[in-house]
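Model the full structure from these sequences, guided by the hints.
For the protein sequence lines, the chains are A, B, C and D, in the order given.
Numbering that gives the first Met the number 0 puts the first residue of the first sequence at 0, with every later residue one more than the last.
Numbering that gives the first Met the number 0 puts the first residue of the second sequence at 0, with every later residue one more than the last.
Numbering that gives the first Met the number 0 puts the first residue of the third sequence at 0, with every later residue one more than the last.
Numbering that gives the first Met the number 0 puts the first residue of the fourth sequence at 0, with every later residue one more than the last.
Check before you lean on any hint, since a few could be wrong.
Since copy identity is lost for identical chains, a pair holds within one copy or between any two.
To be verified - Here are the computed lysine-lysine pairs in the BS3-like style, where the Cα-Cα straight-line distance is at most 25 Å: (1) Lys-95 <-> Lys-123; (2) Lys-33 <-> Lys-17; (3) Lys-76 <-> Lys-92; (4) Lys-14 <-> Lys-95; (5) Lys-123 <-> Lys-104; (6) Lys-92 <-> Lys-6; (7) Lys-92 <-> Lys-104; (8) Lys-33 <-> Lys-76; (9) Lys-14 <-> Lys-123; (10) Lys-123 <-> Lys-92; (11) Lys-104 <-> Lys-33; (12) Lys-17 <-> Lys-95; (13) Lys-104 <-> Lys-17; (14) Lys-6 <-> Lys-104; (15) Lys-123 <-> Lys-6; (16) Lys-95 <-> Lys-33.
Simulated from the structure, these hints should not be mistaken for laboratory data.
These numbers were taken from a predicted model, which means no experiment stands behind them.
There are 4 protein chains.
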Amino acid sequence: MIDENLKTRIEPVFKSQKFMQHLGAEIIALETGKVSLSLNYDERWSQQNGYFHGGVVGALADNAAGAAAATTMPEGKGCLTAEYKLNLLAPAKGDKIVAEGRVIKSGRNLVIAETDVFVFDQGKRVHCALLLATLVAVS
Amino acid sequence: MIDENLKTRIEPVFKSQKFMQHLGAEIIALETGKVSLSLNYDERWSQQNGYFHGGVVGALADNAAGAAAATTMPEGKGCLTAEYKLNLLAPAKGDKIVAEGRVIKSGRNLVIAETDVFVFDQGKRVHCALLLATLVAVS
Amino acid sequence: MIDENLKTRIEPVFKSQKFMQHLGAEIIALETGKVSLSLNYDERWSQQNGYFHGGVVGALADNAAGAAAATTMPEGKGCLTAEYKLNLLAPAKGDKIVAEGRVIKSGRNLVIAETDVFVFDQGKRVHCALLLATLVAVS
Amino acid sequence: MIDENLKTRIEPVFKSQKFMQHLGAEIIALETGKVSLSLNYDERWSQQNGYFHGGVVGALADNAAGAAAATTMPEGKGCLTAEYKLNLLAPAKGDKIVAEGRVIKSGRNLVIAETDVFVFDQGKRVHCALLLATLVAVS
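Rendered as C-alpha cells:
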C-alpha cells in the first residue's frame, strides 16, 4: 500500500540518497509508520559466497527504518539515524531482498524503529535480518 | 603496518567480496587482531546531504571488524558477522573514510570486535562512527 | 499459558538464579519460544525518579529472552546471553513490569530473541522497553 | 581519581538511585567524561552458576556510562539512557566487579558512552563485559 500524500514528502528524500539510487532500491510500501524497500540482486552487491553483502542488507534495513520514522514526523521535520543494531539471521541468498521498516515509538526527539529483512530465493521467503534503530528528529 | 603472512590469508577473502571491490575499499593496515580499511568518497556512496551514506560507513566498519576477527582464527577457519551495533557520531563529510577494526575478545566460537570510523575532510580527521560486533567462527 | 512439561525444565534454572529470586520475579507464561516474567514494584528497585531502574528492566527483559530461548533447546542444552541491546521507550513508572520474551530464530549454535517490556500503572499498560538479544547454545 | 567539584553534582543523583544503593555500588573514580563504579559480590546478585548475574553487570555498566555522560553536561542538565548494547565477554566470576564508564562523544542532545566491566577473582582482573550506550541530555 502506498499513501500518495506521504509519498510526496518521503520519496524526494529517498531519491536524493544517491547510494540508494545507485543500488536501485525502490519504495514498495509506504504508510504512516511503515515503509518497505525492495532491492534486486546484482553481483556487485555480493559478499564472498555470492549472497547479498551484510553491508547492503544493513543499508537497506536502516533506510527502511529511517523512512518509516520520517512518516511520523510533522511537516518540515526529518529523521537521522543515531544508531542501529543489526542481527543477521540467515544467509541473504536470493534474487531480491525486501526491508519492512515500522515505527515502534515516535517521541518528540527520538524515534525507535525496527526493520525485518526478507530474502526471496526462487519464490521462497526467508527472514534474513532484523534491525533495531534509534533515530533523532531534526528540522 | 601490513603483516604479509596474514595478508595472504585475509586479502583473498576480502577481494572475493564483490561489494567491497565495487566500493573500491582497500586494506591499509593488517596485523593480528587489527585491520584498517580505507574508502575514497564518490557521489554514488552519498546520502541526501552529499556525505558518505550511513550504509556505506556501516558496511566498511563491519568488514574491518570481520577482517580483524579473521586474523585471530586458526588456519582454515573464518568469521561471519552474527550482529553489530553502529553508532553514528558525526556526519561522514569528507573525501575519505578509514575504518579501524580491532578484536576485543577472541573466543573458541565467538569473536567480539570494535571498529572506529574516521572521516577525513581536507586533512581534518573526525571520529564519525563506532561499531561493536559479535562474530561467529566458522570452518 | 504455562506448558507444564517445559516448566519442569525451565523453572529450576530460573529459580536457581538468586538475583531473580531476590527481585521476586515470576514466570507467568511459558510455552515453546515464549516466556513472560512479571515483577512487582519495590522502592529498592527504583531509580532517582522512583520508577523501575533501567537495570532492573534490562535484567528482567534479558531473563525473559533467555528463558524463551531455552525452551527451544534440546534436552540437556541451555542458553547463555552473548549480547543484548535494550531500548528504553518510556519511563517504567508503575506497580508492575511484565517482560514478554519470544524467539525470533533458533539456530544450532545461536538463538536470537526479543523481549517487550510493559509497565502497568493503575491498570494502564505502557510499552516501556524493547530488548533484542543473541544467545549461545551450551551443553 | 575523584573530582570533588563534580562529585557534589554527580553523587547526589547516584545516591538517589535506590537500586544502586540497595546493591551497594560505590563511585571509585570520577572526573570529566570518566566514572568508575565498584560492586562487591553477594549471593543475592548471582545467576545459576554463582557468578554475578548479567542483569547486575548490565545495571552497573549502564550507570557508569550514565554518570560519565552526566559529567559532560552543563549545570542543571542531566542524562537519561535511551538505549545500550551489552556484550558479555567472560563469566563474571569473582568477588568484585568494577565498571569503568567513559564518554566517546558528548553532543548537544545525545551523548555516546562506553563502559568496560572487569571482574576481580582473587586479585586476577578479567574483562567480562563491554557496554555501548546512547544517552539523551535532559533539563
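The hints, checked one at a time:
Taking the shortest alpha-carbon separations for Lys-95 and Lys-123, only the intra-copy value of 11 Å comes in at or below 25 Å, while the best inter-copy value is 39 Å. Taking the closest pair of Cα atoms, Lys-33 and Lys-17 come within 25 Å of each other only inside a single copy of the chain (22 Å); across copies the shortest separation is 31 Å, beyond that limit. Proximity of Lys-76 to Lys-92 under the C-alpha cut-off of 25 Å is restricted to the inter-copy arrangement: shortest distance 21 Å between copies versus 37 Å within a copy. When the C-alpha separation of Lys-14 and Lys-95 is checked against a cutoff of 25 Å, the pair qualifies both within a copy, at 20 Å, and between copies, at 23 Å.
Proximity of Lys-123 to Lys-104 under the C-alpha cut-off of 25 Å is restricted to the inter-copy arrangement: shortest distance 17 Å between copies versus 31 Å within a copy. For a Cα distance limit of 25 Å, the shortest separation of Lys-92 from Lys-6 qualifies neither inside one copy, at 30 Å, nor across copies, at 28 Å. Only between protomers do Lys-92 and Lys-104 lie at most 25 Å apart by alpha-carbon distance; the minimum there is 17 Å, versus 31 Å within a single protomer. For the identical chains of this complex, Lys-33 and Lys-76 are intra-copy neighbours only, at 17 Å inside a copy versus 34 Å across copies, given an alpha-carbon limit of 25 Å.
For the identical chains of this complex, Lys-14 and Lys-123 are neighbours neither inside a copy (29 Å) nor across copies (30 Å), given an alpha-carbon limit of 25 Å. Proximity of Lys-123 to Lys-92 under the C-alpha cut-off of 25 Å is restricted to the intra-copy arrangement: shortest distance 10 Å within a copy versus 40 Å between copies. Taking the shortest Cα distances, Lys-104 and Lys-33 sit within 25 Å of each other both inside one copy (12 Å) and across copies (23 Å). Proximity of Lys-17 to Lys-95 under the C-alpha cut-off of 25 Å is found in both arrangements, the shortest distances being 20 Å within a copy and 17 Å between copies.
Taking CA atoms no more than 25 Å apart as the test, Lys-104 paired with Lys-17 passes in neither setting, with 28 Å inside one copy and 28 Å between copies. Within a single copy, Lys-6 and Lys-104 get their C-alpha atoms as close as 21 Å, which meets the 25 Å cut-off; across copies the closest is 33 Å, which misses it. Neither within a single protomer nor between protomers do Lys-123 and Lys-6 lie at most 25 Å apart by alpha-carbon distance, with minima of 29 Å and 35 Å respectively. For a Cα distance limit of 25 Å, the shortest separation of Lys-95 from Lys-33 inside one copy, 19 Å, qualifies, whereas the shortest one across copies, 31 Å, does not.
The structure does not agree with the numbered hints 6, 9, 13 and 15 stated previously, though it agrees with the rest.
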